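Novice: Residue numbering for the sequence shown follows my numbering, starting at -11 and increasing by one per position.
I should point out that these hints are in silico values taken from the structure, not numbers from a laboratory.
There may be inaccurate statements among the hints.
[To be verified] FRET-style restraints, in silico, Cβ to Cβ:
#1 Lys348 - Asn42: 33 to 43 Å
#2 Phe24 - Gln351: 23 to 33 Å
#3 Asp308 - Leu74: 22 to 32 Å
#4 Glu268 - Lys5: 28 to 38 Å
#5 Ser25 - Asn358: 51 to 61 Å
#6 Glu268 - Glu1: 16 to 26 Å
#7 Pro30 - Glu114: 36 to 46 Å
Note that this is a predicted model, so its numbers are computed, not measured.
Glycine is no exception: its CB is placed at the ideal position from the N, C-alpha and C atoms.
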Amino acid sequence: MEEKKDYSKFALEYSRKYGGKIEIKPTVSISSLDDFSIVYTPGVAAVSSAISKNEDLSWEMTWRWNTIFIITNGTRVLGLGDIGPLASLPVMEGKSLIYKVLGGVNAVPIPIKTKDVEEFVKMVKEISTTSGGIHLEDIESPFCFEVLERLQKELKVPVWHDDQQGTAAAALAGLINATKLAGKDIKKAKLVMIGAGAANVALFRLLEKYGLDLGNVVVVDSNGPLYSGRSDSEQMKTKNRWKYEIMEKSNKSRVSEIERAFDGADAVIGFSKPGAIKPEWIKRMGQKPIVFANANPDPEIHPEEAYKAGAYIVSTGRSDYPNQVNNSLIFPGLFRGILDSRSSKIDDLTAIAAAEELAKFAQEKGLNTNYIIPSMEEKDIYPRIAAAVAEDAVKRGFAAIRESREYFYRKARKIIGLD
């Protein structure tokens, strides 16, 4: 058996060797003083003057057409928790690298030091003027829910929270194909969702818009299943209204014990912590149980244990197991399509459009229990998602550039470097 690599060791070595993972490079060649006079003073004044009279020219004359800002306060960094903005920078650099390699997008990491909602919103609003969009990342809940809602309403550029919509979209794509492969009707499926943080709260929203019977969904937080009338419901109503809404819409049987929630369940979707899914609970599930154990880096239950307990399909958030559910499958292509169509908005239906295209791509390749979702190495998925998202923006009236799906697909392939 091949020995697994120590990726942590390599990451430290790479970071020291390269001094970070991203840099800025010019798009024009400079060979004389005349060139400097064109790109900077005195020539640049004409460009600035033109933009001051017509701000739309910023999309044509600056890098704004292809640039977004990645904003975090470092309060919920994957696997590490609240490590602060500075320590989050290597993660944001990695995100920027993925954006460029897989989406052709310039993504600038900007960690900010605040845990105050009003201050966070104000800071992002102030700096968003020169961006083509905002990508929120690694922000604790329920803080993340509030700032996403506020910024989506108050900014003129599209705003996306990857740990919500990106992760949820990837999970939805996997669930579409897993239920299809298992011969289950996703819209009637009985689901258990372990964890009520950013990913599962967003996935619940997507499932609602996708047409699932929410009464068949049981969401579990640290105190057990959510259900209408739970003893802490009034407290939750004021402290976390997003979770309260789930409480009111889900679990029509008002199951209060986590073990009973698994009885006859078709799928369990974990975005929680290691050990949160027990083998004995999987044994209580229905035929061909689907287990998404997506906590990272250590899943709620290891695939070997899940299969031993009777799981039919298992996914994790890890790249060293099949069926990796990862938001990296979504965000590079999604924002490529948003920028190429110059869409003014990203919402949950945008995420669903990306999820459906991701699922369709895998279906065309041929589904099996170890392949319900593509991998990051299948690079043609990114222009496919870009085209689907851009087409969705055109159809729903958000796009300033109204072209065909084929146009956006070809443009994305060229920018990403596949042609």
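Novice: Any hints from earlier that this structure breaks? Give me their numbers in increasing order, please.
Specialist: Failing hints, ascending: 2, 4, 6, 7.
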